[in-house]
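K.L.:
Single-letter residue listing:
Protein chains: 2
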Amino acid sequence: MGWMQDETGLDKCAANHVALTPLSFLTRAAQVFPDRLAVVYGKHRKSYREYHARCSQLASALVGLGVVPGDVVATLIPNLPAQAEAHFGVPACGAVLNTINTRLDAGTVAFILDHGSARVVLVDSQFIPLAEAACAAMEGTAPQIVEVPDADAGHPASGRYPLYEDLLAGADADFAWQLPQDEWESLALNYTSGTTGRPKGVVYHHRGAYLMCMGTLVSWRMVLHPVYLSIVPLFHCNGWNHAWLMPLLGGTLVGCRDITAPAIFNAIADEGVTHFGGAPIVLNMLVNAPESDRREFSQQVEIFTAGAPPAPATLAKIETLGFNVTQVYGLTETYGHVTECLWRGEAWEGLKDAERAALKARQGVAMPMMEHITVMDDGMREVARDGKSQGEIMIRGNSVMKGYLKNPEATREAFVGGYFHSGDIAVQHPDGYIQIADRAKDIIISGGENISSVEVEGVLMGHPDVNLAAVVAKPDEKWGEVPCAFVELKPGATEDEAGLIAFARATLAGFKTPKQVIFGELPKTSTGKIQKFELRKEAARL
Amino acid sequence: MGWMQDETGLDKCAANHVALTPLSFLTRAAQVFPDRLAVVYGKHRKSYREYHARCSQLASALVGLGVVPGDVVATLIPNLPAQAEAHFGVPACGAVLNTINTRLDAGTVAFILDHGSARVVLVDSQFIPLAEAACAAMEGTAPQIVEVPDADAGHPASGRYPLYEDLLAGADADFAWQLPQDEWESLALNYTSGTTGRPKGVVYHHRGAYLMCMGTLVSWRMVLHPVYLSIVPLFHCNGWNHAWLMPLLGGTLVGCRDITAPAIFNAIADEGVTHFGGAPIVLNMLVNAPESDRREFSQQVEIFTAGAPPAPATLAKIETLGFNVTQVYGLTETYGHVTECLWRGEAWEGLKDAERAALKARQGVAMPMMEHITVMDDGMREVARDGKSQGEIMIRGNSVMKGYLKNPEATREAFVGGYFHSGDIAVQHPDGYIQIADRAKDIIISGGENISSVEVEGVLMGHPDVNLAAVVAKPDEKWGEVPCAFVELKPGATEDEAGLIAFARATLAGFKTPKQVIFGELPKTSTGKIQKFELRKEAARL
Chain Y
1 MGWMQDETGL DKCAANHVAL TPLSFLTRAA QVFPDRLAVV YGKHRKSYRE
51 YHARCSQLAS ALVGLGVVPG DVVATLIPNL PAQAEAHFGV PACGAVLNTI
101 NTRLDAGTVA FILDHGSARV VLVDSQFIPL AEAACAAMEG TAPQIVEVPD
151 ADAGHPASGR YPLYEDLLAG ADADFAWQLP QDEWESLALN YTSGTTGRPK
201 GVVYHHRGAY LMCMGTLVSW RMVLHPVYLS IVPLFHCNGW NHAWLMPLLG
251 GTLVGCRDIT APAIFNAIAD EGVTHFGGAP IVLNMLVNAP ESDRREFSQQ
301 VEIFTAGAPP APATLAKIET LGFNVTQVYG LTETYGHVTE CLWRGEAWEG
351 LKDAERAALK ARQGVAMPMM EHITVMDDGM REVARDGKSQ GEIMIRGNSV
401 MKGYLKNPEA TREAFVGGYF HSGDIAVQHP DGYIQIADRA KDIIISGGEN
451 ISSVEVEGVL MGHPDVNLAA VVAKPDEKWG EVPCAFVELK PGATEDEAGL
501 IAFARATLAG FKTPKQVIFG ELPKTSTGKI QKFELRKEAA RL
Chain C
1 MGWMQDETGL DKCAANHVAL TPLSFLTRAA QVFPDRLAVV YGKHRKSYRE
51 YHARCSQLAS ALVGLGVVPG DVVATLIPNL PAQAEAHFGV PACGAVLNTI
101 NTRLDAGTVA FILDHGSARV VLVDSQFIPL AEAACAAMEG TAPQIVEVPD
151 ADAGHPASGR YPLYEDLLAG ADADFAWQLP QDEWESLALN YTSGTTGRPK
201 GVVYHHRGAY LMCMGTLVSW RMVLHPVYLS IVPLFHCNGW NHAWLMPLLG
251 GTLVGCRDIT APAIFNAIAD EGVTHFGGAP IVLNMLVNAP ESDRREFSQQ
301 VEIFTAGAPP APATLAKIET LGFNVTQVYG LTETYGHVTE CLWRGEAWEG
351 LKDAERAALK ARQGVAMPMM EHITVMDDGM REVARDGKSQ GEIMIRGNSV
401 MKGYLKNPEA TREAFVGGYF HSGDIAVQHP DGYIQIADRA KDIIISGGEN
451 ISSVEVEGVL MGHPDVNLAA VVAKPDEKWG EVPCAFVELK PGATEDEAGL
501 IAFARATLAG FKTPKQVIFG ELPKTSTGKI QKFELRKEAA RL
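Protein chains in written order, with my numbering: chain Y, 1 to 542; chain C, 1 to 542.
Below, simulated DSS-like cross-link-like pairs (lysine-lysine); rule was C-alpha separation at most 27 Å, straight line:
| # | chain 1 | residue 1 | chain 2 | residue 2 |
| --- | --- | --- | --- | --- |
| 1 | C | Lys388 | C | Lys352 |
| 2 | Y | Lys537 | Y | Lys478 |
| 3 | Y | Lys529 | Y | Lys388 |
| 4 | C | Lys317 | C | Lys352 |
| 5 | C | Lys12 | Y | Lys406 |
| 6 | Y | Lys12 | C | Lys12 |
| 7 | Y | Lys12 | C | Lys406 |
| 8 | Y | Lys524 | Y | Lys537 |
| 9 | Y | Lys317 | Y | Lys529 |
Which chain C residues stay away from chain Y? Per the calculated CB distances, all over 12 Å, these:
| # | residue |
| --- | --- |
| 10 | Leu163 |
| 11 | Glu455 |
| 12 | Lys537 |
In short, the hints are calculated from the structure, not lab data. Values in this document were obtained by computation on a predicted structure and should not be read as measured data. C-beta atoms are modelled at their ideal positions from N, C-alpha and C, and glycine is treated no differently.
Take these sequences, add in the hints, and give me the full structure.
P.N.:
This is the structure in structure tokens:
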């Protein structure tokens with residue numbers, strides 16, 4: 001231990017120890033980048049001076065509504081300015097921000113509002129009916145609704161609730177922020193959208209969000225003044241913490257209500273977007289966009305993608321359009337991304353597309369703010385770095401949640417042995433890069449052979465007519481399970497089941513080749529992940 | 001405070017809380033950048049895999065020499081590989097690194113070795129006589145000397161001490177690093193070179209160095225894989241923490257024994273240097289270098305400069321050579337730079353050279369890792385932001401020292417009121433940018449008028465024949481004090497006293513114009529600062 005023999009007088013004091021918090025990024029930005037554009041959405045264009053003032057007004061208004069430090073303030077808002085402002089305004093009065101997924105059903109929203117004991121909920125006018133139904137279904141006291149209309153987008157005020165802008169207008173732009181005294185204080189509450197049971201409330205601390213921002217900017221090669229397009233929902237790991245990150249860099253956050261190819265291309269061309277994150281489905285949307293939806297742009301745009309490895313065919317196409325894609329991996333419990341497929345320029349340049357894509361399909365290595373991320377067997381021993389031995393991804397570092405709210409047993413289980421247990425099954429390559437073998441349930445076992453649904457999907461996605469493909473296990477008398485594919489074709493495409501099966505068989509072993517192909521739109525979660533459990537149910541019915 | 005009503009089970013644990021330390025940057029770099037070039041000096045070219053192994057061997061060797069956690073290990077080495085390795089190898093065995101200024105006299109080195117109770121000292125062969133004289137002059141037990149020869153540079157081994165490379169060769173490259181359990185543990189000890197009295201031992205903690213690195217890379221617009229030329233001595237605030245920073249970015253540290261214009265231009269051209277720090281005297285050296293000492297290069301090179309504002313004439317010249325200069329400000333007590341003259345592109349583009357230089361002469365705003373840096377009067381009230389009202393620069397944030405070793409009284413004084421008191425006198429401009437009015441003793445008071453020696457020096461430096469200029473007060477019967485200039489001319493230049501005085505008078509008020517000019521080489525400290533106290537003594541004798 002690095003304690004010297006005599007450390008008299010060397011203690012922490014106000015001059016040399018300040019609690020880490022992302023709030024300090026905006027406090028500083030208002031001083032050093034006052035005239036830079038902070039948040040953009042349509043006609044809403046606010047500088048850092050204005051953004052800071054509006055967040056201060058929000059904090060002041062919340063205090064006026066009776067919010068006290070430690071209270072929960074919830075939101076039901078798309079990636080719009082008020083949602084970004086809540087990331088600072090809510091903790092600036094000592095409250096904890098609970099961004100709720102706007103695509104959830106009223107029953108689940110009611111559960112979340114009850115479980116978190118939200119005192120106030122900021123609601124976009126589009127989601128007032130959802131909020132009202134949820135409040136009606138609650139067991140406890142319903143939170144006070146504050147309405148955030150977006151008339152220009154066709155969502156005017158209902159007239160039934162106090163309006164966000166009115167509250168701000170009546171509040172104090174010089175409100176003194178309640179900065180944390182201890183960086184372990186709670187900053188945000190995010191409910192995981194588990195496939196079974198009630199969602200769990202993941203609690204973030206100020207320190208974790210601060211360090212998440214620092215690590216992210218290194219991995220994403222961000223310099224001052226990036227322009228970040230907010231596609232990853234801010235209700236999903238707080239948009240991977242990017243709302244908190246932007247003021248550190250004097251960057252601009254570009255809001256976005258509906259994620260469409262024209263909206264993305266327009267933001268890139270008109271606002272000079274340099275960075276965004278999104279599930280592979282977003283990449284797909286871009287490469288498959290008709291020419292009329294595209295725009296010219298000159299900057300290189302950096303994309304972080306997560307949720308599933310991008311298909312090789314998608315990667316090959318999107319890079320020629322001026323995008324650079326880095327796969328990252330993480331969970332709600334880890335504030336979002338904690339591994340990155342760091343590109344080894346010195347070793348990997350000059351590879352062919354297929355080899356590049358195979359490397360980019362890896363989830364990669366620990367990001368800078370993390371201490372250790374590895375793959376372990378059931379006895380918590382690291383698996384061999386052979387690209388074959390499977391185990392669970394285990395995560396240790398400063399961007400790991402405090403735990404699950406009011407669920408100490410689940411927290412204890414998640415942290416057994418000093419690592420967060422991700423639940424994701426992976427291998428480690430000889431260079432230490434982690435690659436998800438399959439979300440545990442996505443392994444198809446056919447005649448005793450393991451089949452990676454990711455691999456089969458990757459092949460199908462290489463077919464020029466395929467927009468999206470998902471492969472699940474279908475129960476089978478003889479083989480136990482066989483792969484069954486669900487496919488969305490591109491508009492106007494005409495490929496049929498036999499053609500796709502033959503295409504897959506040209507690359508895959510027979511046992512890996514889908515035995516059946518079902519065409520139609522795939523069911524997706526609010527974050528764009530394909531709902532495989534729905535497909536598994538459907539496959540079982542076939 | 002952001003504590004929720006029920007925080008049961010939400011405590012820190014091994015999974016979600018890891019002590020911040022720059023050591024983790026190298027641990028990670030060895031994993032994710034193993035084949036990247038980490039340290040370069042002549043034939044010494046080591047990858048991150050090798051660098052990590054050598055630092056592990058150093059830690060192992062120190063344990064073999066009897067070093068235990070909390071011990072001090074000192075160095076007397078220029079900016080060479082062993083000095084960089086000590087930044088990781090020493091704390092990796094739990095010891096505290098004390099890099100000693102190689103330009104100090106033996107008596108002061110003896111005081112430092114005694115005061116810090118150094119157990120081992122790593123010594124470059126050039127400084128073996130200094131180390132021997134210091135050890136002989138010590139009151140307590142002398143540290144064990146380990147010699148680091150540099151035969152290629154004309155400094156072969158003395159044959160009297162164990163050799164650094166031999167110790168490494170016999171040590172364990174898989175030594176398990178002793179990472180701090182608490183980020184407040186001591187990492188380094190740096191003695192300030194005060195102008196009066198014995199130096200004070202400034203103690204750094206792991207957290208401060210980690211956050212210093214994070215803040216620096218943002219301000220310096222560093223992305224992955226910078227090439228950093230080590231000009232700022234690593235014994236000066238640990239080279240502003242850059243040895244610790246490089247592994248975070250997979251960057252390359254280029255060693256340098258003697259700071260000369262050819263050495264700098266060669267490193268830029270041959271090693272692709274992208275960043276370096278240095279006092280204005282280094283900038284001067286570059287702009288005044290003869291054509292034969294220069295080399296062509298295509299990259300933009302970013303320079304952090306500190307110690308004094310760069311002269312407008314120097315700034316104007318160096319930017320045309322492919323360098324971008326940012327002034328930073330800090331002290332040993334703040335790990336180096338804590339303010340930066342952040343360039344406000346949106347507001348300041350298109351200004352003329354003189355206006356740009358005037359803005360770049362400011363010390364600027366708090367860097368991202370700092371909480372609050374301002375200028376206060378004696379009552380600790382912020383002075384008006386009018387560019388005129390003077391006060392003391394006061395500093396609060398995570399890159400402030402733990403305190404002075406074995407000097408709790410000086411520590412308490414330095415931290416009165418919850419800020420570190422810098423001792424530097426400054427003004428604040430309306431935009432919050434701080435500008436040093438003068439180091440307190442550098443103000444010349446003539447006939448009741450304050451004269452900024454910095455201003456007068458800036459004018460003199462604009463003369464084409466002037467290489468360096470320093471202005472101090474000379475006692476005067478009539479006016480109390482008058483400005484007296486000491487000037488180094490460029491080789492071959494012929495300007496005389498009358499000519500320079502006339503040149504200055506063309507810009508300056510009469511009372512600010514030097515009454516006397518003395519030509520000759522200026523006395524400088526080990527870090528390149530001009531020793532004004534020597535000049536003041538000389539001026540008093542005139």
